[in-house]
Amino acid sequence: MSAPIPEIKKDDLVGLVKSLFQEGRVAHFLAYQKGTVKFKTTPLIAHKEEDLQGLVVDDFFHSNLALYLKEIKGRVGILTKGCDSRSLVSLIKEGQVKREDLYIVGIPCPGQIDPKRVAAAASCAIEELEEINRRGQEIVIRVSGQEKTLPKIQALMEKCLACHYPQPLIFDALLSGDYVAPVSPITRFPDDLRPKPIAEKWAFWSGQFERCIRCYACRNVCPACFCPRCLVEENMPQWVSPLPSKGDNFVFHLMRLMHVAGTCVSCGECERVCPMEIPLMKLNEKMAEDLRELFDFVAGVDLDKALPFRTYRQEDPDDFIK
Amino acid sequence: MGAKRETKEKEKKWEPKILAFLCRWCSYAGADLTGSSRTSYPPNVRILRVPCSGRVNPLFILKTLRSGMDGVLVSGCHPGDCHYTAGNYNARRKFAILARLLEYVGIDPRRVQFSWVSASEGDKFAKVVSKVVADVQALGPNELFRLPQGGQTAKGAASAHE
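As they're listed, the protein sequences go chains R and W. The opening position of the first sequence corresponds to residue 1 in the working numbering, with each subsequent residue numbered one higher. The opening position of the second sequence corresponds to residue 323 in the working numbering, with each subsequent residue numbered one higher.
Keep in mind that the hints were calculated from the coordinates and are not lab data. Just so you know, even glycine gets a beta-carbon here, dropped at the ideal spot from N, CA and C. Hints are supplied without guarantee of correctness; some may be wrong.
Quick list of simulated restraints, FRET-style, between CB atoms [as the list claims (entries may be wrong)]:
| # | chain 1 | residue 1 | chain 2 | residue 2 | range |
| --- | --- | --- | --- | --- | --- |
| 1 | W | Ala460 | R | Thr149 | 40 to 48 angstroms |
| 2 | R | Gly24 | W | Ala408 | 40 to 48 angstroms |
| 3 | W | Ile369 | R | Gln154 | 33 to 41 angstroms |
| 4 | R | Pro317 | W | Pro373 | 22 to 30 angstroms |
| 5 | W | Ala460 | R | Glu200 | 39 to 47 angstroms |
| 6 | R | Gly74 | W | Ala408 | 32 to 40 angstroms |
| 7 | W | Ala408 | R | Lys73 | 32 to 40 angstroms |
| 8 | R | His47 | W | Gly402 | 49 to 57 angstroms |
| 9 | W | Ile369 | R | Asp172 | 53 to 61 angstroms |
| 10 | R | Arg99 | W | Tyr406 | 27 to 35 angstroms |
| 11 | R | Arg292 | W | Asp445 | 32 to 40 angstroms |
| 12 | R | Arg211 | W | Gln459 | 28 to 36 angstroms |
| 13 | W | Arg377 | R | Glu23 | 49 to 57 angstroms |
| 14 | R | Arg211 | W | Ala460 | 54 to 62 angstroms |
Subject to a maximum C-alpha distance of 25 angstroms in a straight line, what follows is the list of computed SDA-like cross-link-like pairs (lysine to any residue) [as the list claims (entries may be wrong)]:
| # | chain 1 | residue 1 | chain 2 | residue 2 |
| --- | --- | --- | --- | --- |
| 15 | R | Lys322 | W | Asp403 |
| 16 | R | Lys9 | R | Asp59 |
| 17 | R | Lys305 | W | Pro373 |
| 18 | R | Lys201 | W | His405 |
| 19 | W | Lys416 | R | Cys225 |
| 20 | W | Lys339 | R | Lys34 |
| 21 | W | Lys416 | R | Lys34 |
| 22 | R | Lys93 | W | Ser389 |
| 23 | R | Lys322 | W | Gly390 |
| 24 | R | Lys34 | R | Ser176 |
| 25 | R | Lys322 | W | Ser359 |
| 26 | R | Lys201 | W | Phe382 |
| 27 | W | Lys416 | R | Leu303 |
| 28 | W | Lys416 | R | Gly136 |
| 29 | R | Lys322 | W | Ala460 |
| 30 | W | Lys339 | W | Ser389 |
| 31 | R | Lys305 | W | Lys385 |
| 32 | W | Lys339 | W | Asp403 |
| 33 | R | Lys196 | W | Pro431 |
| 34 | R | Lys322 | W | Lys446 |
| 35 | W | Lys416 | R | Ser176 |
| 36 | W | Lys385 | R | Lys34 |
| 37 | W | Lys385 | R | Lys9 |
| 38 | R | Lys201 | W | Pro463 |
| 39 | W | Lys416 | W | Lys446 |
| 40 | R | Lys322 | W | Lys334 |
Work out the full structure, taking the sequences as your base and the hints as a guide.
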């Protein structure tokens, strides 16, 4: 725990990407640049060496860059954390991207910092935070000139606490030797809803579905959602009304889940971008666990294992069928 | 809906409405056998014939619930008997996940039921339907998406437009 952690150096990354451009191995490179808001990064799509100036390396790599592969043609280099690499595996399996078109630069992920949780732990507003830095297993923050130290568990994004794959699973190059497994006493995403009686579950979820404004941010940000025409936009037949209502939102959310079953790697992007803060990860995690339990399938881990709905076994559980 | 009709409906005893997706090769023929062998079963079930249980998109089941049907039954060939070799095996995987998700969001598993009924199992079909109807009767009407009395929501505004 106390061993010093080799940090990822920005120069190493920039040097690597420059050489990739020079050798003509990639036409585009996907990384992160400074966001317009403090403690946020935004995707950087570099087409030439000069574009790399804005590139940053910090602990706020929140977004899943695998999303942008849908729109970029040709050889693409991509900076990849553990969870994003699982998205890549999923997309390759789904035939959405070709492995040979990708140059994957893996970064061993120490867990990404969630400014919201930091602010909550320091009991101040996000705007009051002046600095957030990671020092080994601790997060050092500065609020109104004073330094404070927080344990990682209070500062990382929730999904990182339950992460089993901080190390990228596929890569062509891996930055810095070591990686830090997140300090995680939680082996599973916490969900106290599961053991509750069914009426309470509906009370909870119907309330959530009612709040959804159907902005489709969750769908648009999801690397696993790649239908050229989404079912919510179909009008012959029209499955759901474009106007939000509890019933149609219910159909939309459950169908979104069914469509990403086996491809969803619980990267948590849907929940992060939701303006209504609907806890979508609870649904994703529940489905991931069911897939594991019923079909022994973990999404985005094994390139050779067939997707759960593309295959079957005669001895699949069917105790629910009378 | 007119006020007159509403009171009329209230006076009538509530009976569940069940939509049954039956596979063309087994369960539909099974249902046919039930009829031709004069076995009686509750008339609450509306039968929709599908080419295979594998044709039943989870979306159909969700949409049925959303449309206010009180229960859904999906029935196909027994494992190994599928006319298309593996349609029901594939369907079974989808339904297993869907059933668990529905339970997780709080929809009683008795509302959405699955069964295997072969073409020779006329009696089984009658039993399955009776069970589904009895289960849904015990659960009461599907009010999952009903609007609160007098409440105006986006849905209300939508139907006003139509």
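Determine which of the earlier numbered hints do not hold for this structure and return their numbers in increasing order.
-> 1, 3, 5, 14, 17, 18, 20, 21, 22, 28, 31, 32, 35, 36, 37 and 40
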